[in-house]
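S.K.: If you read the sequences in order, they're chains X and D. Counting along the first sequence from 1, when you hit position 12 you're at 12 in the numbering used here, and nothing is skipped either side. Counting along the second sequence from 1, when you hit position 85 you're at 85 in the numbering used here, and nothing is skipped either side.
Be aware that a few hints might be false.
To be verified - Simulated crosslink set (EDC-like; lysine to aspartate or glutamate; CA at most 20 Å straight-line):
{"id": "1", "chain 1": "D", "residue 1": "Lys40", "chain 2": "X", "residue 2": "Glu438"}
{"id": "2", "chain 1": "X", "residue 1": "Lys734", "chain 2": "X", "residue 2": "Asp459"}
{"id": "3", "chain 1": "X", "residue 1": "Lys152", "chain 2": "X", "residue 2": "Asp113"}
{"id": "4", "chain 1": "D", "residue 1": "Lys40", "chain 2": "X", "residue 2": "Asp298"}
{"id": "5", "chain 1": "X", "residue 1": "Lys631", "chain 2": "D", "residue 2": "Asp16"}
{"id": "6", "chain 1": "X", "residue 1": "Lys631", "chain 2": "D", "residue 2": "Asp123"}
{"id": "7", "chain 1": "X", "residue 1": "Lys593", "chain 2": "X", "residue 2": "Glu704"}
{"id": "8", "chain 1": "X", "residue 1": "Lys248", "chain 2": "D", "residue 2": "Asp123"}
{"id": "9", "chain 1": "X", "residue 1": "Lys97", "chain 2": "X", "residue 2": "Glu127"}
Said to hold, decoys possible - Computed, partial: chain D to chain X, Cβ under 10 Å:
{"id": "10", "residue": "Asp27"}
{"id": "11", "residue": "Tyr36"}
{"id": "12", "residue": "Ser59"}
{"id": "13", "residue": "Gln95"}
{"id": "14", "residue": "Ser109"}
{"id": "15", "residue": "Arg132"}
Claimed, not checked - A short, non-exhaustive set of chain X residues, derived as facing chain D with CB atoms under 8 Å:
{"id": "16", "residue": "Pro203"}
{"id": "17", "residue": "Ala215"}
{"id": "18", "residue": "Pro267"}
{"id": "19", "residue": "Ser599"}
{"id": "20", "residue": "Ser601"}
{"id": "21", "residue": "Ile692"}
{"id": "22", "residue": "Asp693"}
FYI, nobody ran anything at the bench for these hints, they're computed from the structure. Built from N, CA and C at the ideal position, the CB exists for glycine as well.
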Amino acid sequence: MKKISQQNIRPVSRRDFLKTGGVLVVGVSLFGCGKEKVPGLTKSVSTEPWSPDVYVSFDADGTVHIISHRSEMGQGIRTGLPAVLADEMEADWSRVKVEQATGDAKYGNQNTDGSWSVRGFMQRMREAGATVRLMLEQSAAQQWGVDVAECKANFHTVVHQPSGRVLDYQDLVAGAAELPVPGLELLELKSPDQFRYIGKKLPIVDMHDMTHGSAMYGADTRLPGMKFAAIARPPVVFGKVKSFDAEKTMAVEGVEQVVELPAAEAPAMFKALGGIAVIASNSWAALRGRDLLAIEWDEGANADYDSDEFKQALLETVRQSGTPLRDQGDIDTALDSAAETIEAEYYAPHLAHASMEPPAAVASVSSDFCEIWAPSQDPQSLIPMAEAVTGLKPEQIRINVTLLGGAFGRKSKCDFVEEAVILSRKIGAPVLVQWSREDDIRHDYYHTVSAQHLSASLDENRKVSGWRHRLAYPSIMSTFDASVKQAAAFEAGMGALNVPYDITNLRVETGEAEAKVRIGWLRSVCNIYQSFGVNSFTDEIAHVRGLDPKDNLIELLGPDRVLDFTEFGLEATENYALETGRLRSVIELVAAKAGWGRSLSRGHGLGIAAQYSFLSYVAAVVEVAVADDGKWTVPRVDIAIDCGQYVNPDRVMSQQEGAVIFGLSLARDSQITAANGRIVQGNFNNYRVLRIDSTPETHVHLVESSAPPAGVGEPGVPPIAPALANAIFAATGKRFRELPLGRSLFSAM
Amino acid sequence: MIKLTVNGETRQYDGDGEMPLLWYLRDLLTLTGTKYGCGKGLCGSCTVHLDGRAVRSCSVPMDRLDGADITTIEGLGTGGDHPLQIAWASHDVPQCGYCQSGQIMQAASLLAENPNPDEQQIDDAMSSVICRCGTYQRIRAAIKSAAGGVS
Numbered sequence: 001m002k003k004i005s006q007q008n009i010r011p012v013s014r015r016d017f018l019k020t021g022g023v024l025v026v027g028v029s030l031f032g033c034g035k036e037k038v039p040g041l042t043k044s045v046s047t048e049p050w051s052p053d054v055y056v057s058f059d060a061d062g063t064v065h066i067i068s069h070r071s072e073m074g075q076g077i078r079t080g081l082p083a084v085l086a087d088e089m090e091a092d093w094s095r096v097k098v099e100q101a102t103g104d105a106k107y108g109n110q111n112t113d114g115s116w117s118v119r120g121f122m123q124r125m126r127e128a129g130a131t132v133r134l135m136l137e138q139s140a141a142q143q144w145g146v147d148v149a150e151c152k153a154n155f156h157t158v159v160h161q162p163s164g165r166v167l168d169y170q171d172l173v174a175g176a177a178e179l180p181v182p183g184l185e186l187l188e189l190k191s192p193d194q195f196r197y198i199g200k201k202l203p204i205v206d207m208h209d210m211t212h213g214s215a216m217y218g219a220d221t222r223l224p225g226m227k228f229a230a231i232a233r234p235p236v237v238f239g240k241v242k243s244f245d246a247e248k249t250m251a252v253e254g255v256e257q258v259v260e261l262p263a264a265e266a267p268a269m270f271k272a273l274g275g276i277a278v279i280a281s282n283s284w285a286a287l288r289g290r291d292l293l294a295i296e297w298d299e300g301a302n303a304d305y306d307s308d309e310f311k312q313a314l315l316e317t318v319r320q321s322g323t324p325l326r327d328q329g330d331i332d333t334a335l336d337s338a339a340e341t342i343e344a345e346y347y348a349p350h351l352a353h354a355s356m357e358p359p360a361a362v363a364s365v366s367s368d369f370c371e372i373w374a375p376s377q378d379p380q381s382l383i384p385m386a387e388a389v390t391g392l393k394p395e396q397i398r399i400n401v402t403l404l405g406g407a408f409g410r411k412s413k414c415d416f417v418e419e420a421v422i423l424s425r426k427i428g429a430p431v432l433v434q435w436s437r438e439d440d441i442r443h444d445y446y447h448t449v450s451a452q453h454l455s456a457s458l459d460e461n462r463k464v465s466g467w468r469h470r471l472a473y474p475s476i477m478s479t480f481d482a483s484v485k486q487a488a489a490f491e492a493g494m495g496a497l498n499v500p501y502d503i504t505n506l507r508v509e510t511g512e513a514e515a516k517v518r519i520g521w522l523r524s525v526c527n528i529y530q531s532f533g534v535n536s537f538t539d540e541i542a543h544v545r546g547l548d549p550k551d552n553l554i555e556l557l558g559p560d561r562v563l564d565f566t567e568f569g570l571e572a573t574e575n576y577a578l579e580t581g582r583l584r585s586v587i588e589l590v591a592a593k594a595g596w597g598r599s600l601s602r603g604h605g606l607g608i609a610a611q612y613s614f615l616s617y618v619a620a621v622v623e624v625a626v627a628d629d630g631k632w633t634v635p636r637v638d639i640a641i642d643c644g645q646y647v648n649p650d651r652v653m654s655q656q657e658g659a660v661i662f663g664l665s666l667a668r669d670s671q672i673t674a675a676n677g678r679i680v681q682g683n684f685n686n687y688r689v690l691r692i693d694s695t696p697e698t699h700v701h702l703v704e705s706s707a708p709p710a711g712v713g714e715p716g717v718p719p720i721a722p723a724l725a726n727a728i729f730a731a732t733g734k735r736f737r738e739l740p741l742g743r744s745l746f747s748a749m
Numbered sequence: 001m002i003k004l005t006v007n008g009e010t011r012q013y014d015g016d017g018e019m020p021l022l023w024y025l026r027d028l029l030t031l032t033g034t035k036y037g038c039g040k041g042l043c044g045s046c047t048v049h050l051d052g053r054a055v056r057s058c059s060v061p062m063d064r065l066d067g068a069d070i071t072t073i074e075g076l077g078t079g080g081d082h083p084l085q086i087a088w089a090s091h092d093v094p095q096c097g098y099c100q101s102g103q104i105m106q107a108a109s110l111l112a113e114n115p116n117p118d119e120q121q122i123d124d125a126m127s128s129v130i131c132r133c134g135t136y137q138r139i140r141a142a143i144k145s146a147a148g149g150v151s
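The following block holds chain X by itself, in its conformation from the complex:
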């Protein structure tokens, strides 16, 4: 059996520790499979390494290995969560090595998605760290023959407080390894004033590798005998190969064979799409050979997809009443009896993820083992996929998680990894499947196209008495059940169903929309368009009412209160609820920091928007400068976030800086369209994203909060597009209700 390990995998103790109550799951080898041989196992250490918790192990020299079980895609989680554990165990960070977990259920949930890593695992990491700290203190107490209460861990040592004696963790590991794991009830977590790393800036652990070309991503694994593959996938989703001719392909130097992959059928799930794979001795030959294939496709039922027609159909849908998801008061009467009504329609296109790293994965399948190297957001999902493809058992499958060169939700879906597993099994050699940029743009799980129709009523006092929000867009759930034709509550619940305004008569409706491409989730998901609709419309209301947009927004929020949307089908999250006061606070903060109301140069305007998403509160002010020819730029963005307790403030800031760029990209440039079922765009020439020359001066304002930790990676995106559109209105008096806005406003008018 030939297997190659990831270079940084190292041995840990096989010693079993008993679960002593609570959530500690301990006593497992990193490798679940005892018979494996892994290069590097024969490291010379004087004693058996110690692994008191699935996330921690010690070398005899006191070096601590902390497992990052969440996938790193730029959010800094490989630094953040290990630092939490290191803090609580009083580790010297310079003696900590972070290792990436394999995909394995023993680590708990590894699905790195939904801006969930810190809030989902901070407590668990603290408990793990506190467990180790206590056991090292107990070990010291034993060595000294003193009461453990007199022993205090301090920066990789334990100090006997009465005598001042000190022992390094290195000298306590062997003794600690003999102790039982204490129950959670015995743990004492640090108070915030004792934090060494939590809440403080810490450089990312991958800094050196990322600046020296040694960081390993999906296409960077090299195995003996590895082949390189490129695949011609059906240009229309669920199309099939009718016939193909590979003569020209086979003539390409380096091409070795072509392999047909089985076509996928609806529902899409995360299934490989099928097509024709070209196997070669290098990526260039594979890609070139792929482009020379002559394939006749049976394009199937989605070949009629035309996104312009679909847009009109969606707009027609939201002009009709739909299925109410939330209905309070009497919106019909409110609208009928209004002193004035306001109506507007908003439209946003499909988007592609377009992470700089296109999908790529390596698989090595033999008769008795399957090993995968993949930039996966959800490594555990690769195990049942590999089981199904290979017929092997979970213990015969190892999932190595590389760095993700951006993901934004795309790499939650393992279609590209399945391709590598299928091909490696078929050709009996390790395979790297490399997607081209065109593959990535044309075979994405797209952020959905959407239409919205909003209506508001003003009463005789010009107060907002009614709010009706109609939505139509294909549901993410259509990817899993092709019969789904309407948005789910959880989708509407990202900024529409849970609109936090204090309005008596309020209804949110969804209409039908059939998915004609694979629908996925993109950084901040439905918040993108629902925030665009709600925040733009709020601004429109302000102008009709003759109010300052910020004052109007705060008035609509109403008195500070805690909102519960469980009656509308939204899941309650323990310890979290929408607190309108926190949203009001970030609005006031960002307005103050941005100089809301200041006098501006000619052609400049300020716009504001706010969004609660992923349990965090974000508000942004965008300053736009519109030239006489309609070309516009964004000189400055201010963004304020209250994400509760945070771990690494620098990574919270960098995520917001990035969210501004992501938000401006989709607001100005990015759109996916389809004609005859085929995606029109293919590369960065026609799927445009922001470059450095359009980068605003960005100021991030981070709220100090003792509230439970909330999302960071996604919540900065939603307010950007509407704040920009509102700024353009302030500058020009022109309202833009469709994304993307384009680079010149006059051509869009």
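Assemble the complex: chain X is given as a structure, and chain D must be docked to it using the hints.
M.R.: Just chain D now, kept in the frame of chain X:
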């Protein structure tokens, strides 16, 4: 037979002359620090130095490289970190990190030609390299501070 120098080492290549330098580096030399991003010279992830100047390695075929001197991210600052690598760390530039080889190689080429670029010159030179994570503001700051260090 094409003779070229890669990171100071002499190499010979006699394969498909149309193969872009990118794939030669990644697949034949296993210098995987240079990244594929678009294959069309649009994104800059694959930026390396050809005779000291930034080029998109995805768009330079091997048959144009006889006698060429290539430097990749792995060969930058071999005598110790390049000032840009130090500045990148001190400004905590990378997020996912994937484009950063290209960003640094592009910036190194800029500073080699213009040791003290102003913001407009930085934007002009760096707009050829996309960062989807949006680290641009820190890239500007890092280049400015490295430039100060270089001069």
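S.K.: Check each numbered hint against the structure and report the violated ones by number, ascending.
M.R.: Numbers 2, 3, 4, 5, 8, 12, 14, 18, 19 and 20, in rising order.
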